[in-house]
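*Asks:* One-letter residues, chain by chain:
Protein chains: 2
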Amino acid sequence: MSRKLSIVGLGPGDDRYLTREALDALAKAEAFYGYGPYLDRVPLRKGQSRHASDNREEAARARAALSRAASGTNVAIVSGGDPGVFAMAATVCEEIAVGPDSWRALDVAIVPGITAMLAVAARAGAPLGHDFCALSLSDNLKPWELIERRLDAAAGAGFVIALYNPVSRARPLQLSKALARLAHHLPAATPVIFGHAIGRSDESLAVTTLAHARDTLADMATLIIVGSRETRVIAREGRAPLVYTPRAVEEAIA
Amino acid sequence: MSRKLSIVGLGPGDDRYLTREALDALAKAEAFYGYGPYLDRVPLRKGQSRHASDNREEAARARAALSRAASGTNVAIVSGGDPGVFAMAATVCEEIAVGPDSWRALDVAIVPGITAMLAVAARAGAPLGHDFCALSLSDNLKPWELIERRLDAAAGAGFVIALYNPVSRARPLQLSKALARLAHHLPAATPVIFGHAIGRSDESLAVTTLAHARDTLADMATLIIVGSRETRVIAREGRAPLVYTPRAVEEAIA
Chain A
2 MSRKLSIVGL GPGDDRYLTR EALDALAKAE AFYGYGPYLD RVPLRKGQSR HASDNREEAA
62 RARAALSRAA SGTNVAIVSG GDPGVFAMAA TVCEEIAVGP DSWRALDVAI VPGITAMLAV
122 AARAGAPLGH DFCALSLSDN LKPWELIERR LDAAAGAGFV IALYNPVSRA RPLQLSKALA
182 RLAHHLPAAT PVIFGHAIGR SDESLAVTTL AHARDTLADM ATLIIVGSRE TRVIAREGRA
242 PLVYTPRAVE EAIA
Chain B
2 MSRKLSIVGL GPGDDRYLTR EALDALAKAE AFYGYGPYLD RVPLRKGQSR HASDNREEAA
62 RARAALSRAA SGTNVAIVSG GDPGVFAMAA TVCEEIAVGP DSWRALDVAI VPGITAMLAV
122 AARAGAPLGH DFCALSLSDN LKPWELIERR LDAAAGAGFV IALYNPVSRA RPLQLSKALA
182 RLAHHLPAAT PVIFGHAIGR SDESLAVTTL AHARDTLADM ATLIIVGSRE TRVIAREGRA
242 PLVYTPRAVE EAIA
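From first to last, the protein sequence lines are chains A and B. Following this note's numbering, the numbering of the first sequence begins with 2 at its first residue and continues without gaps. Following this note's numbering, the numbering of the second sequence begins with 2 at its first residue and continues without gaps.
Worth flagging that the hints you see were computed from the coordinates, not collected in a lab. All values derive from a computational prediction rather than experimental measurement. No residue lacks a Cβ here, since even glycine has one placed at the ideal position from N, Cα and C. Treat each hint with caution, since some may be false.
As the list claims (entries may be wrong) - If you want the footprint, here are the derived chain B segments under chain A, 3+ residues with CB under 8 angstroms:
1) 95-106
2) 134-142
3) 148-160
4) 226-239
5) 242-248
What the hints assert, rightly or not - Across the chosen pairs, the derived CB separations fall in these ranges:
6) D153(B) x K47(A): 53 to 59 angstroms
7) D55(A) x S50(B): 48 to 54 angstroms
8) D102(B) x D55(A): 47 to 53 angstroms
9) A53(A) x G73(B): 45 to 51 angstroms
10) D153(B) x R237(A): 35 to 41 angstroms
11) R230(B) x G37(A): 32 to 38 angstroms
Next comes chain A alone, as it looks inside the complex (with noise of 0.2 angstroms):
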């Protein structure tokens, strides 16, 4: 019996991001799990199984997968993106820790993917070219004051800040109130890019400044990438502008 877990990233949007070790994970898996829309991603071969459930139910999921694992199966659980930035990793982890004996026995095997913040970062230019951080606005994982202090110290040290969960129909505020927050540490000449469903066929990417910035550029499934003092613009007659922040600071910031 196999007994073993997979996690498997595969990264934004259609399947040019899959790597060679997801695709040899999931074409090894038994039954797999995961969210709707990803699992539509895998095509099944003959005796495969899917499982599908909804966005919300991430623990619930973790469980089914590892008790089914723990009974013999090679179980795939498959993540847009990466697994292991605000995704099933870390869920499954929770699970374990809590979890009886055998799930700790298990054979599992996390499978990274390209995350959100990488394709943007790719589709734009090099905007993650020096020092930067990788926050969730969903608060409810967290106290919003806590993603304030996270927002304030990031922007002050000058970290460029790639912002994931950045509205959802129960929080459609935070978005306008972390670029307004980031306006009291960075110029309002600042880049910022909007990128929504990036390696999909409906891709969009939007870059302007963080006085222009506003909460209806986003939805559930953009990322959005926020400058430093550093990050820089090249525009381009006929073609899109490139951003990015260059490798070298020369003089600490002050």
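Given chain A's structure and the hints, the job is docking chain B onto it.
*Replies:* Leaving out everything else, chain B in the frame of chain A:
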């Protein structure tokens, strides 16, 4: 004439992390530029040429590749990991910014890859499951005082911290100083992960604590992840421990 420049991320280690998009870009290129060990990972077909340069010649490499692409060749610069994270994409943008108009007219395509911190995190569990940052310890490119300020800001605000470029012959003491600095903010038991050459046949992973972390555990092929106060370790009999940072923080950190 193609006048195309691709900057292609190969991921760390061997070819398991190559994406379909990267394979497509490599197949179409006529001339490859890059650091020798990365070029060695790209098999050449008839009609393709390769141009190796040293690790410290990034700017000259970017200029050579840009000139070649502007002359009508389909050029690919290859990069380990992700080209947008402390790598060639920013270098190319820096050169385009100060170069001739013909460089701004090029079709520049950046192909993202698995960056080292995602590969190391996947091997260890889910240490990047909550907010995190990526920081280069190279003070060739910025003042040491700024690195310390960023370590203070990131650790103080509860970000997990991925350290790139932890040591080199030119800076043997940076990592020791960084770990000592972090110890002002974080408990002695904070998990620290040293990932060496992940994805290569000589890969290794060490999980220790901030109190026991030493610069002797790192070389130039090491990526380090320092946990936050929330990061936890699941011990497993007969298996490597799982290190993870829970998705949720219940209360603001004092």
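*Asks:* The structure should be examined with respect to each hint, and the outcome stated for every one.
*Replies:* Going through the hints against the structure:
1. Counting residues of the region 95-106 of chain B whose beta carbon lies closer than 8 angstroms to any beta carbon of chain A gives 5, which reaches the threshold of three, so the coverage claim holds.
2. Residue count for the region 134-142 of chain B with a Cβ under 8 angstroms from a Cβ of chain A: 6. That meets the three needed, and the coverage hint holds.
3. Proximity of the region 148-160 of chain B to chain A, defined as three or more residues with a beta carbon under 8 angstroms from a beta carbon of that chain, is established by the 9 residues found.
4. Closer than 8 angstroms: that is the beta-carbon criterion, and the region 226-239 of chain B has 5 residues meeting it against chain A, so the requirement of 3 holds.
5. With 5 residues bearing a CB less than 8 angstroms from a CB of chain A, the region 242-248 of chain B meets the requirement of three and the coverage assertion stands.
6. Between D153(B) and K47(A) the Cβ separation comes to about 56 angstroms, which falls inside the hinted range of 53 to 59 angstroms.
7. For D55(A) paired with S50(B), a C-beta distance near 52 angstroms keeps the hint of 48 to 54 angstroms intact.
8. For the pair D102(B) and D55(A), the beta carbons lie near 52 angstroms from each other, so the given range of 47 to 53 angstroms is met.
9. Taking the beta carbon of each, A53(A) and G73(B) are about 49 angstroms apart, inside 45 to 51 angstroms as hinted.
10. Remark: the range hint 35 to 41 angstroms for D153(B) to R237(A) is upheld by a beta-carbon distance near 38 angstroms.
11. Between R230(B) and G37(A) the CB atoms are about 35 angstroms apart, so this pair conforms to the stated range of 32 to 38 angstroms.
Of the numbered hints listed earlier, not one is contradicted by the structure.
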